[in-house]
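So the sequence lines, in the order shown, correspond to chains A and B.
With UniProt numbering, you'll find the first sequence wraps up at 336, consecutive numbering, no jumps.
With UniProt numbering, you'll find the second sequence wraps up at 336, consecutive numbering, no jumps.
Source of the hints: derived by calculation from the structure; they are not laboratory data.
Mixed in with the good hints there might be a few duds.
In this list, chains with the same sequence are indistinguishable; a pair is considered to hold if it fits within one copy or across any two.
Computed list of lysine to any residue pairs in SDA-like fashion (alpha-carbon distance at most 20 Å, straight line) [stated by the list, open to error]:
hint, residue 1, residue 2
1, K17, E209
2, K107, R11
3, K107, L194
4, K17, D131
5, K107, G61
6, K107, E88
7, K107, P217
8, K6, G207
2 protein chains.
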Amino acid sequence: MRHRLKDVAERAGVSVKTVSNVVNGYLHVRPDTRARVEEAIAELNYRPNLSARNLRKGRTGVIALAVPELDIPYFAELARYVVTAAAEHGWTVLIDQTEGGPEQERKAAAGIGDHMIDGLIFSPLALTADDLSGLDGTPMVLLGERVDHGPADHVVVDNVAAAREITAHLIGLGRRRIAAIGSQRTPEGASARLRLAGYTAALAEAGIEYDEALVAPAPAWHRADGAAAMRELLSSGVRPDAVFCFNDTVALGALRALHEAGLRVPEDVAVAGFDDIEDGRFSIPTLTTVAPDKERIARLAVELLAGRIDGDREAPPRELAAPYRLALRESTTGRP
Amino acid sequence: MRHRLKDVAERAGVSVKTVSNVVNGYLHVRPDTRARVEEAIAELNYRPNLSARNLRKGRTGVIALAVPELDIPYFAELARYVVTAAAEHGWTVLIDQTEGGPEQERKAAAGIGDHMIDGLIFSPLALTADDLSGLDGTPMVLLGERVDHGPADHVVVDNVAAAREITAHLIGLGRRRIAAIGSQRTPEGASARLRLAGYTAALAEAGIEYDEALVAPAPAWHRADGAAAMRELLSSGVRPDAVFCFNDTVALGALRALHEAGLRVPEDVAVAGFDDIEDGRFSIPTLTTVAPDKERIARLAVELLAGRIDGDREAPPRELAAPYRLALRESTTGRP
Numbered sequence: 001m002r003h004r005l006k007d008v009a010e011r012a013g014v015s016v017k018t019v020s021n022v023v024n025g026y027l028h029v030r031p032d033t034r035a036r037v038e039e040a041i042a043e044l045n046y047r048p049n050l051s052a053r054n055l056r057k058g059r060t061g062v063i064a065l066a067v068p069e070l071d072i073p074y075f076a077e078l079a080r081y082v083v084t085a086a087a088e089h090g091w092t093v094l095i096d097q098t099e100g101g102p103e104q105e106r107k108a109a110a111g112i113g114d115h116m117i118d119g120l121i122f123s124p125l126a127l128t129a130d131d132l133s134g135l136d137g138t139p140m141v142l143l144g145e146r147v148d149h150g151p152a153d154h155v156v157v158d159n160v161a162a163a164r165e166i167t168a169h170l171i172g173l174g175r176r177r178i179a180a181i182g183s184q185r186t187p188e189g190a191s192a193r194l195r196l197a198g199y200t201a202a203l204a205e206a207g208i209e210y211d212e213a214l215v216a217p218a219p220a221w222h223r224a225d226g227a228a229a230m231r232e233l234l235s236s237g238v239r240p241d242a243v244f245c246f247n248d249t250v251a252l253g254a255l256r257a258l259h260e261a262g263l264r265v266p267e268d269v270a271v272a273g274f275d276d277i278e279d280g281r282f283s284i285p286t287l288t289t290v291a292p293d294k295e296r297i298a299r300l301a302v303e304l305l306a307g308r309i310d311g312d313r314e315a316p317p318r319e320l321a322a323p324y325r326l327a328l329r330e331s332t333t334g335r336p
Numbered sequence: 001m002r003h004r005l006k007d008v009a010e011r012a013g014v015s016v017k018t019v020s021n022v023v024n025g026y027l028h029v030r031p032d033t034r035a036r037v038e039e040a041i042a043e044l045n046y047r048p049n050l051s052a053r054n055l056r057k058g059r060t061g062v063i064a065l066a067v068p069e070l071d072i073p074y075f076a077e078l079a080r081y082v083v084t085a086a087a088e089h090g091w092t093v094l095i096d097q098t099e100g101g102p103e104q105e106r107k108a109a110a111g112i113g114d115h116m117i118d119g120l121i122f123s124p125l126a127l128t129a130d131d132l133s134g135l136d137g138t139p140m141v142l143l144g145e146r147v148d149h150g151p152a153d154h155v156v157v158d159n160v161a162a163a164r165e166i167t168a169h170l171i172g173l174g175r176r177r178i179a180a181i182g183s184q185r186t187p188e189g190a191s192a193r194l195r196l197a198g199y200t201a202a203l204a205e206a207g208i209e210y211d212e213a214l215v216a217p218a219p220a221w222h223r224a225d226g227a228a229a230m231r232e233l234l235s236s237g238v239r240p241d242a243v244f245c246f247n248d249t250v251a252l253g254a255l256r257a258l259h260e261a262g263l264r265v266p267e268d269v270a271v272a273g274f275d276d277i278e279d280g281r282f283s284i285p286t287l288t289t290v291a292p293d294k295e296r297i298a299r300l301a302v303e304l305l306a307g308r309i310d311g312d313r314e315a316p317p318r319e320l321a322a323p324y325r326l327a328l329r330e331s332t333t334g335r336p
């Protein structure tokens, strides 16, 4: 049997209007009410009757998620959460892998085909706030650090604070020669800049002098880049006793290079990453990391987008922060 | 400067018509000629003038790649190759993560929105040949093992032969208690069935008796499933000296469980996977695996699709096989 809005409302003990507000992603619903409604939706497996609604409103029922690359598992994991959150609005999510190229990003921001999508969740690498404010039309929510104070709604994670905390964790273990892998000088390296800022802040707070020789660049944030940078650090003679890698794939590459060099993790070198991808929960050793709440990022992005598509498109842009936590594992603590 | 078809033809030393045949994905071009043209296209960074062509032909310039899940890295890596191969035809690729659900798969096969896409490269889990032949319209190329002798063009890898070879490699190392992880009894588990068949064939050829107690199911093929199955095998007392995992993420989970049990890989238990994902080239130990030629799979799929979109839609379906090789690494040989 197919349930209706009314059934959800009854089960959740709220009005039909409130269920509708949740389904349409309006943000002014109280969190506990929203949770009750979402629970009822899940229990009843309720699906809004969307094709009718879309037709009525001249919509396609399709939104896009545009990310730089899917073989960075962070984006693949985020994609799954976005698909799940969007399904509650009856949206199909198509994923656009832009490779961070300006042409492909511009195409995504312009709605891909000729108004093919109703809205876009967008993690840009190449485009700036200026580029984006020149575009019009497709409702958009931004993710990531590339665009600051941009022309659209934005979901962020406090990268500086998170990087500072994980570096402080390494300092708390008694490490003093803490390397950083993943710095980038390109304009696209916005996350790298913020994570580097958090790293240097933590060193300064602990009274540890910043040593440029301990900071290694990584042109991309893949395993191979992390392994190459770690090898270079080891052969340069700087002798780190810990390393903060700016994402988990870089950290997994660094783990491999340390293993090949015969160094023990964490006894000789403690290793921390950023992203909390699944790989790091099964690697040998398991990986300490910053764990952004990816499910929450996806849900906030979808709700902001729903608010734009169905609501006020002219309201000033909103910026919402998603939480993160530290996941401490074998690569720094020696304990699972 | 923007190059034209003529420039590519001159550089490759072929006719404009031949370049056009390559760009349009016709399959009757000779492989060496195709290679020369593709090289010239790459050197000149040639891009067909597509928006004009699409408008003329009533196209969107967008194709979809529908896969079950992107956090199985095999699909994320394949997606990147498809995006690259499709870019040579000027196509934008949108990726549809179906979760293997019949409703979402049906939506993809029907063209997603209202004829939103020009064509579809589709790796189904739920739909069968019967389901697909009932649909009409969107040109489609199938990947994977779910649909046999289906109603559309198909790119396959010989799973039985590949599984037999990798099992034979384990036997060649002197192992006799070879476990298999990843069997599935569901109709969707077509790859599992073929890989199990290859495993049993290799055992039979070597005169090793098949022992059902050594075959462990895995409901999904994620790291957690591999770890759980490996733990169960170890605690069941069957004492395997090798294990063939039906994909790499399962194998990475198994490596972790063996590590936690204090067993050495490969000395105590040799481990092999299937897919050759990047993770396995950096894991500790690195992972022996079957390496399907993902770039070739993507290129064949895109060329078959181009042939359908621009060519004869009524011609009988074609089936093309992509090659694979064994990648032998530390998890079985002890050597990188």
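Right, here's what the structure says about each hint:
| no. | hint | result |
| --- | --- | --- |
| 1 | K17 / E209 | neither (58 Å within a copy, 65 Å between copies) |
| 2 | K107 / R11 | neither (43 Å within a copy, 30 Å between copies) |
| 3 | K107 / L194 | neither (28 Å within a copy, 41 Å between copies) |
| 4 | K17 / D131 | neither (38 Å within a copy, 39 Å between copies) |
| 5 | K107 / G61 | both (19 Å within a copy, 12 Å between copies) |
| 6 | K107 / E88 | between (27 Å within a copy, 16 Å between copies) |
| 7 | K107 / P217 | neither (30 Å within a copy, 44 Å between copies) |
| 8 | K6 / G207 | neither (61 Å within a copy, 65 Å between copies) |
In the structure shown, a violation is registered for the earlier hints numbered 1, 2, 3, 4, 7 and 8, in ascending order.
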